[in-house]
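There are 4 protein chains.
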Amino acid sequence: MKAYNPEFRSRIKEHLKKQEFMHHMGFNLDVIDVGRTEGRMKLEKIHNQQTGLVHGGVIATVADIVAGFAAYTLVGPKEGVVTGELKISYLRAAKGDTLYARGWVIKQGKKINFCEAEVYVLNGGNETLVAKATTSMVII
Amino acid sequence: MKAYNPEFRSRIKEHLKKQEFMHHMGFNLDVIDVGRTEGRMKLEKIHNQQTGLVHGGVIATVADIVAGFAAYTLVGPKEGVVTGELKISYLRAAKGDTLYARGWVIKQGKKINFCEAEVYVLNGGNETLVAKATTSMVII
Amino acid sequence: MKAYNPEFRSRIKEHLKKQEFMHHMGFNLDVIDVGRTEGRMKLEKIHNQQTGLVHGGVIATVADIVAGFAAYTLVGPKEGVVTGELKISYLRAAKGDTLYARGWVIKQGKKINFCEAEVYVLNGGNETLVAKATTSMVII
Amino acid sequence: MKAYNPEFRSRIKEHLKKQEFMHHMGFNLDVIDVGRTEGRMKLEKIHNQQTGLVHGGVIATVADIVAGFAAYTLVGPKEGVVTGELKISYLRAAKGDTLYARGWVIKQGKKINFCEAEVYVLNGGNETLVAKATTSMVII
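Protein chains in written order, with this note's numbering: chain E, 4 to 143; chain X, 4 to 143; chain U, 4 to 143; chain R, 4 to 143.
Errors might be hidden in some of the hints.
No distinction is drawn between identical chains; accordingly, a pair holds when it is met within one copy or between any pair of copies.
[Unchecked claim] Simulated pairs of lysine-lysine, DSS-like, Cα-Cα distance not exceeding 30 Å:
{"hint": "1", "residue 1": "Lys113", "residue 2": "Lys48"}
{"hint": "2", "residue 1": "Lys45", "residue 2": "Lys5"}
{"hint": "3", "residue 1": "Lys16", "residue 2": "Lys81"}
{"hint": "4", "residue 1": "Lys110", "residue 2": "Lys48"}
{"hint": "5", "residue 1": "Lys5", "residue 2": "Lys20"}
{"hint": "6", "residue 1": "Lys45", "residue 2": "Lys81"}
No lab work stands behind these hints: they were computed from the structure.
Isolated chain E, as found in the complex (with noise of 0.2 Å):
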């Protein structure tokens, strides 16, 4: 694995100032490194859908974040990545405190770098896996 654009960190630092639906959420990635990102959020009632659980949509939104900068991470200067397709399995019913996600790549492409992310709740000092997705992140 091998990032072709040694400033990544602070170029993705800059987009992230802009990731409006990311704020919009609460969501911020804190690790940024060769083919890795994590990044957490405090749960509110916002995040919920109708019995309370955290949303299916959050779920999603923060794979593909993580996922997608992982991807990110390993591209030249005048490149960029989009999301071509994104699968996410629901394992567990998600409730807590925290939604805790990391995503990383893993294959590097010359089209497409494949990733997975997955998604944890943690609850008090419990942390349950709640979702996994895999995905295909095009270079542009």
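Once you've looked at the hints, dock chains X, U and R against the given chain E.
Below, chains X, U and R without anything else, positioned relative to chain E:
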């Protein structure tokens, strides 16, 4: 296709009041029929990612909502549905005035209602298909 | 949708001769049109899994073939396609005389042709949809 | 993770005898453990697509088999599993002597055992990951 709860419309309308994240985004489900739903929202700056296009997470969320409630129209009074998994393909960049989504059941089952969803961007008079999703809605 | 190689039919027919696994299964691609293909095969005992139903792998294989060649009809003379990813939903148990599949491109792109496929079982006069697939065909 | 049928190994071995398509391909399941299985086959010309690489359908089939039987190791004596859906990402071109696959359950549930599978090609001393799959195995 059979709706096992004749009161599905009023039941879903009650549920929608408590869909916190859907309201936080501004999405509204305006068609609820046997095995299919439709909804839309005005696109605002808060829905964007860093390049000014609609965030993939927003698109995945509305796909999940229209497919999930399409599945919900068919289940019995004591049943509900949860998203087992969702795959979404991002076909085109999304930029416009309004996001419109429609979801439908392609196979009603005892354990799973398999659904699909399409998400469109409306821009002036033009309508563009920006994403297509397939999903397994698990009956609980 | 545009076929960048006017000779796509003859080119695909040449390729099909060398599709070893397709012949090993007995599948035949009998419709090759701009952005879509169809094929069928007689179902034999060798196509089954342990309970006497058609094996999910057989169904995934024919979905991959019809979607892949649908994508192939559109690419230029010096291009090819490979399957980037495929998701298939198994809607019903498959048992019958004949397996029929059709694939089509839903979005032609520069890097990816997004495709779908449906697989049917024919049993006497009845036709049953047994699976639906979505796939990213990467242009190389 | 819990195997609800202590006799799962002998039961699966009985089933494997009747896996017609698996035998037609030449695949053999040689590890059957609680929540995980492994198998392999010698690669022959019949497994190829037109460019001399292993057919994507072969790879999807072995992924389905190892994931499906991994799910099967956990269900009760009167239960079985069927593949609800499978998504497979093709990471690298597959060419070599032997195809090796392993599948495992990532979340055991009451209705669905969520599984993953990896498919490798062995070529002389080298082992290459060529595909990764995620799947919902529905308990029946």
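Between the shortest in-copy and the shortest cross-copy C-alpha distance, which are at most 30 Å for Lys113 and Lys48: within, between, both, or neither?
-> Between. Shortest inter-copy distance 28 Å satisfies the 30 Å Cα cut-off; intra-copy 41 Å does not.
What label fits Lys110 with Lys48 when the C-alpha limit is 30 Å: within, between, both, or neither?
-> Between copies only: 27 Å across chains, 37 Å inside a chain, cut-off 30 Å.
Indicate which option fits the pair Lys45, Lys81 if close means a Cα-Cα distance not exceeding 30 Å: within, between, both or neither.
-> neither (34 Å within a copy, 32 Å between copies)
Identical-chain pair category, Lys45 with Lys5, by Cα at 30 Å = Answer is neither: 32 Å inside a copy and 33 Å across each miss the 30 Å cutoff.
Can you give me the call for Lys5 and Lys20, within, between, both or neither, at a CA distance of at most 30 Å?
-> Only inside one copy: Lys5 and Lys20 sit 25 Å apart there, 40 Å across copies, limit 30 Å.
Evaluate Lys16 and Lys81 at a C-alpha cut-off of 30 Å and name the case that applies: within, between, both or neither.
-> So Lys16 and Lys81 pass the 30 Å test inside one copy only (16 Å; across, 40 Å).
The structure fails hints 2, 6 (numbered hints given earlier, in ascending order).
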